[in-house]
Amino acid sequence: MERRSLLLASALLVASCDREAKPSANEASPSKQAQPSADAKGGKAEVPSKETWAKLTTQSLHDIHLPEPGHFRIEIEGKTYDGEMSLACGHQEASEEVPLDRFSAQGTWTTEDGKAMAFSMIRAVDGREVAWTRMGAGHESERVAMYVHDDGDLDSVQMRERATAYGELWLKRIRPGDEASVAEYGSGEMPSIRVGEDRLRATAAGTVKPDPNDGKAGFSGAFRLAVHCKPRPGG
Numbered sequence: 012m013e014r015r016s017l018l019l020a021s022a023l024l025v026a027s028c029d030r031e032a033k034p035s036a037n038e039a040s041p042s043k044q045a046q047p048s049a050d051a052k053g054g055k056a057e058v059p060s061k062e063t064w065a066k067l068t069t070q071s072l073h074d075i076h077l078p079e080p081g082h083f084r085i086e087i088e089g090k091t092y093d094g095e096m097s098l099a100c101g102h103q104e105a106s107e108e109v110p111l112d113r114f115s116a117q118g119t120w121t122t123e124d125g126k127a128m129a130f131s132m133i134r135a136v137d138g139r140e141v142a143w144t145r146m147g148a149g150h151e152s153e154r155v156a157m158y159v160h161d162d163g164d165l166d167s168v169q170m171r172e173r174a175t176a177y178g179e180l181w182l183k184r185i186r187p188g189d190e191a192s193v194a195e196y197g198s199g200e201m202p203s204i205r206v207g208e209d210r211l212r213a214t215a216a217g218t219v220k221p222d223p224n225d226g227k228a229g230f231s232g233a234f235r236l237a238v239h240c241k242p243r244p245g246g
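Going from the sequence shown to this note's numbering is simple: count from 1 and add 11.
Don't take every hint at face value.
[Said to hold, decoys possible] With a Cα cut of at most 20 Å, we get these calculated EDC-like pairs of lysine to aspartate or glutamate:
#1 Lys220 - Glu172
#2 Lys220 - Glu107
#3 Lys241 - Glu88
#4 Lys66 - Glu208
#5 Lys126 - Glu208
#6 Lys90 - Asp189
#7 Lys227 - Glu190
#8 Lys126 - Asp164
#9 Lys126 - Glu190
#10 Lys220 - Asp161
#11 Lys126 - Asp189
#12 Lys90 - Glu62
#13 Lys61 - Asp93
#14 Lys61 - Glu172
#15 Lys61 - Asp164
#16 Lys241 - Glu104
#17 Lys241 - Asp189
#18 Lys66 - Glu107
For the record, the hints were derived by calculation from the structure and aren't laboratory data.
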């Protein structure tokens with residue numbers, strides 16, 4: 012279970028670095044996108060100040076009911092579900108060596124009609140110029156995925172390749188200071204994922220839509236989500 016949760020936690024972040032070549036239907040054509048500055052092409056880019064970095068990595072939460080530590084609450088398809096955070100949930104702080112700040116959480120639940128569902132969410136702020144201009148991940152990246160398994164298998168629903176339906180929200184801001192954001196999939200307003208100052212609480216709101224390249228049955232729907240991670244031992 013732990014290995015699967017770690018794979019799921021990293022899957023969205025890894026995927027964000029692999030889709031540079033083909034723009035989505037919602038993304039502007041390459042000729043209309045903001046192009047890297049001469050400084051960025053040369054290698055060194057402007058890294059946000061500590062004050063700006065702090066504003067990027069924590070925000071005021073959405074007006075969504077927060078669950079107890081170790082739990083999540085999600086509103087989707089007109090229903091509200093509460094569950095225990097049995098999968099990975101937590102914050103990875105940036106360092107000088109790796110200026111990548113990331114909050115991620117996952118959870119599973121069973122719907123009233125017996126289907127298994129799961130969510131995975133990641134908000135990342137990347138201070139590496141290579142992420143902005145070459146990897147395609149962007150300076151800010153927010154991803155929420157919804158997985159469905161019709162037969163109620165909570166173990167299988169955690170893995171995208173075994174889910175029977177899939178939908179995703181993926182928003183990103185290419186470079187620091189960009190006003191416009193790019194919607195790869197789904198719709199929402201950045202920050203669609205907001206992380207509290209304690210780095211244990213987070214909320215998310217938006218609409219997931221199918222990935223046209225996925226080959227699975229699509230899942231679409233508006234959602235509101237709140238998670239509350241447990242403090243790590245010794246943290």
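Against the structure, the hints:
Between the alpha carbons of Lys220 and Glu172 the distance comes to roughly 17 Å, so the proposed pair stays at or under 20 Å and holds. Between Lys220 and Glu107 the alpha-carbon distance is near 36 Å, which puts this suggested pair outside the 20 Å criterion. Taking the CA atoms of Lys241 and Glu88, the gap is near 27 Å; set against the 20 Å cutoff, the hint is violated. Note on Lys66 and Glu208: the hinted pairing holds, with a Cα-Cα distance of about 10 Å set against a maximum of 20 Å.
A hinted pair counts as satisfied when its Cα atoms are at most 20 Å apart, and Lys126 with Glu208 does not qualify at roughly 35 Å. For the proposed pair Lys90 and Asp189, the alpha carbon gap of about 36 Å is over 20 Å, so the pair is violated. The straight-line distance between the Cα atoms of Lys227 and Glu190 is roughly 34 Å, outside the 20 Å bound, and the hint therefore fails. Between Lys126 and Asp164, the direct Cα distance comes to roughly 8 Å. Compliance with the 20 Å bound is thereby established for this hinted pair.
Taking the CA atoms of Lys126 and Glu190, the gap is near 40 Å; set against the 20 Å cutoff, the hint is violated. Distance check on the hinted pair: Lys220 and Asp161 sit about 18 Å apart at the alpha-carbon level, within 20 Å; holds. At most 20 Å may separate the alpha-carbon atoms for a hinted pair to count; Lys126 and Asp189 exceed this at roughly 40 Å. Proximity of Lys90 to Glu62 is assessed by CA-CA distance (about 39 Å); at most 20 Å being required, the pair is judged violated.
For the hint pairing Lys61 with Asp93, the CA-to-CA distance comes to about 36 Å; that exceeds 20 Å, so the pair is violated. A hinted pair counts as satisfied when its Cα atoms are at most 20 Å apart, and Lys61 with Glu172 does not qualify at roughly 39 Å. With a C-alpha separation of about 44 Å, the suggested pairing of Lys61 with Asp164 is violated against the 20 Å cut-off. Between the alpha carbons of Lys241 and Glu104 the distance comes to roughly 16 Å, so the proposed pair stays at or under 20 Å and holds.
Under the criterion of a C-alpha separation no larger than 20 Å, the hint pairing Lys241 with Asp189 is inconsistent with the structure, at around 34 Å. The hinted pair formed by Lys66 and Glu107 meets the criterion: a straight-line CA distance of about 18 Å does not exceed 20 Å.
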